Amino acid sequence: GNSVTQMEGPVTLSEEAFLTINCTYTATGYPSLFWYVQYPGEGLQLLLKATKADDKGSNKGFEATYRKETTSFHLEKGSVQVSDSAVYFCALTGYSTLTFGKGTMLLVSP
Amino acid sequence: GAVVSQHPSWVICKSGTSVKIECRSLDFQATTMFWYRQFPKQSLMLMATSNEGSKATYEQGVEKDKFLINHASLTLSTLTVTSAHPEDSSFYICSARISGTSETQYFGPGTRLLVL
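The listed protein sequences correspond, in order, to chains E and Z. Oh and the first sequence: position 56 is 56 in my numbering, straight run, nothing missing. Here my numbering = 1-based position in the second sequence + 110.
Calculated directly from the structure, the hints in this document are not laboratory data. Every value quoted in this text rests on a predicted model; they were computed, and no experiment measured them. Cβ atoms here follow ideal geometry from the backbone N, Cα and C, with glycine treated the same way. Keep in mind that a hint or two might mislead.
To be verified - Cross-link-like lysine-lysine pairs, in silico, BS3-like; alpha carbons within 30 angstroms at most:
{"no.": "1", "chain 1": "Z", "residue 1": "130", "chain 2": "E", "residue 2": "102"}
{"no.": "2", "chain 1": "E", "residue 1": "77", "chain 2": "Z", "residue 2": "151"}
{"no.": "3", "chain 1": "Z", "residue 1": "176", "chain 2": "Z", "residue 2": "124"}
Claimed, not checked - Quick list of the computed label-pair ranges, beta carbon to beta carbon:
{"no.": "4", "chain 1": "Z", "residue 1": "199", "chain 2": "E", "residue 2": "1", "range": "24 to 30 angstroms"}
{"no.": "5", "chain 1": "E", "residue 1": "78", "chain 2": "Z", "residue 2": "124", "range": "47 to 53 angstroms"}
{"no.": "6", "chain 1": "E", "residue 1": "109", "chain 2": "Z", "residue 2": "176", "range": "41 to 47 angstroms"}
{"no.": "7", "chain 1": "E", "residue 1": "83", "chain 2": "Z", "residue 2": "122", "range": "29 to 35 angstroms"}
{"no.": "8", "chain 1": "E", "residue 1": "28", "chain 2": "Z", "residue 2": "222", "range": "32 to 38 angstroms"}
{"no.": "9", "chain 1": "E", "residue 1": "18", "chain 2": "Z", "residue 2": "115", "range": "34 to 40 angstroms"}
{"no.": "10", "chain 1": "Z", "residue 1": "122", "chain 2": "E", "residue 2": "78", "range": "25 to 31 angstroms"}
{"no.": "11", "chain 1": "E", "residue 1": "1", "chain 2": "Z", "residue 2": "178", "range": "23 to 29 angstroms"}
{"no.": "12", "chain 1": "Z", "residue 1": "173", "chain 2": "E", "residue 2": "10", "range": "30 to 36 angstroms"}
{"no.": "13", "chain 1": "E", "residue 1": "109", "chain 2": "Z", "residue 2": "163", "range": "36 to 42 angstroms"}
{"no.": "14", "chain 1": "E", "residue 1": "9", "chain 2": "Z", "residue 2": "111", "range": "28 to 34 angstroms"}
{"no.": "15", "chain 1": "E", "residue 1": "7", "chain 2": "Z", "residue 2": "169", "range": "22 to 28 angstroms"}
{"no.": "16", "chain 1": "Z", "residue 1": "122", "chain 2": "E", "residue 2": "10", "range": "15 to 21 angstroms"}
{"no.": "17", "chain 1": "E", "residue 1": "76", "chain 2": "Z", "residue 2": "195", "range": "42 to 48 angstroms"}
Unchecked claim - Quick look at which bits of chain Z chain E covers, simulated, 3 or more residues with Cβ under 8 angstroms:
{"no.": "18", "segment": "181-189"}
{"no.": "19", "segment": "215-225"}
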């Protein structure tokens, strides 16, 4: 079946540091890949997505590239802000349902 | 665009009572909605897929008589937790997919349920 593996957190960074959150997946066929963000006490917000190999999704300074050869979709941001502190979920679609990773908490300090 | 709301945002109830949670797509039609449950510091667990005008499809291990789902219109799905018990306390999140599309799900803000 489908599965998503994310790096365990929390990831602790200082403001303006470079961020990478690793995500790898196992899936049959050609899934679409997503990053969702969850702020404390809230639901999930779609951050970015990519629907085919070599696509790059980007939003709010975050970006991730769909790498079929390494089955990865790592999330990156060049300069994080305190307001980026949240839990980030990598996910993929398969047969119309979403499969989520366990989530990675990001803590950014001033 | 693609806004999903949930009501209530939080609810406290006594053990044995039933609680209804609403999920609405505000600016689009959603033939399919999904209900998830999230435990503290854990990922989302899909409970069921709700299809407008037909019965919901429940994931393995989810009691359909315990968690009643109704999707009576293209903008509203409801989850009723019947005879709630403390172990049902959790964060319930719904999502909706724009009719005619097959990929992106848009999530509601969640409903926190506490059963005393």
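Verification of the hints:
Of the supplied pair hints, the one linking residue 130 of chain Z and residue 102 of chain E holds, its CA atoms being roughly 28 angstroms apart against a limit of 30 angstroms. Note on residue 77 of chain E and residue 151 of chain Z: the hinted pairing holds, with a Cα-Cα distance of about 23 angstroms set against a maximum of 30 angstroms. At roughly 16 angstroms between alpha-carbon atoms, residue 176 of chain Z and residue 124 of chain Z fall within 30 angstroms of each other, so this suggested pair holds. Between residue 199 of chain Z and residue 1 of chain E the CB atoms are about 29 angstroms apart, so this pair conforms to the stated range of 24 to 30 angstroms.
Checked against the hint of 47 to 53 angstroms, the C-beta distance between residue 78 of chain E and residue 124 of chain Z comes to roughly 51 angstroms, which is consistent with it. Residue 109 of chain E and residue 176 of chain Z have their C-beta atoms about 43 angstroms apart, which keeps the hinted 41 to 47 angstroms range intact. Range check, residue 83 of chain E to residue 122 of chain Z: about 30 angstroms between beta-carbon atoms, so the 29 to 35 angstroms window is met. In this structure the supplied range 32 to 38 angstroms holds for residue 28 of chain E paired with residue 222 of chain Z, their Cβ-Cβ distance being about 35 angstroms.
A hinted range of 34 to 40 angstroms holds for the C-beta pair residue 18 of chain E and residue 115 of chain Z, which are about 36 angstroms apart. Distance hint for residue 122 of chain Z and residue 78 of chain E: a CB-CB separation of about 43 angstroms, inconsistent with the stated range 25 to 31 angstroms. With their beta carbons about 28 angstroms apart, residue 1 of chain E and residue 178 of chain Z fall inside the hinted range of 23 to 29 angstroms. Separation of residue 173 of chain Z from residue 10 of chain E is about 34 angstroms and conforms to the stated range, judged on CB atoms against 30 to 36 angstroms.
A C-beta distance of roughly 50 angstroms is found between residue 109 of chain E and residue 163 of chain Z, which places it outside the suggested range of 36 to 42 angstroms. As the Cβ distance of residue 9 of chain E to residue 111 of chain Z is approximately 31 angstroms, the hint placing it in 28 to 34 angstroms holds. Between residue 7 of chain E and residue 169 of chain Z the CB atoms are about 26 angstroms apart, so this pair conforms to the stated range of 22 to 28 angstroms. In this structure the hint that residue 122 of chain Z and residue 10 of chain E lie 15 to 21 angstroms apart at CB is violated, the actual value being about 29 angstroms.
Hint check: residue 76 of chain E to residue 195 of chain Z, Cβ distance near 43 angstroms, so the stated range 42 to 48 angstroms holds. Under the rule that three or more residues need a Cβ within less than 8 angstroms of chain E, the assignment of the segment 181-189 of chain Z is violated, with 0 such residues. Check result for the segment 215-225 of chain Z against chain E: holds, 7 residues qualifying (beta carbon to beta carbon below 8 angstroms, three or more required).
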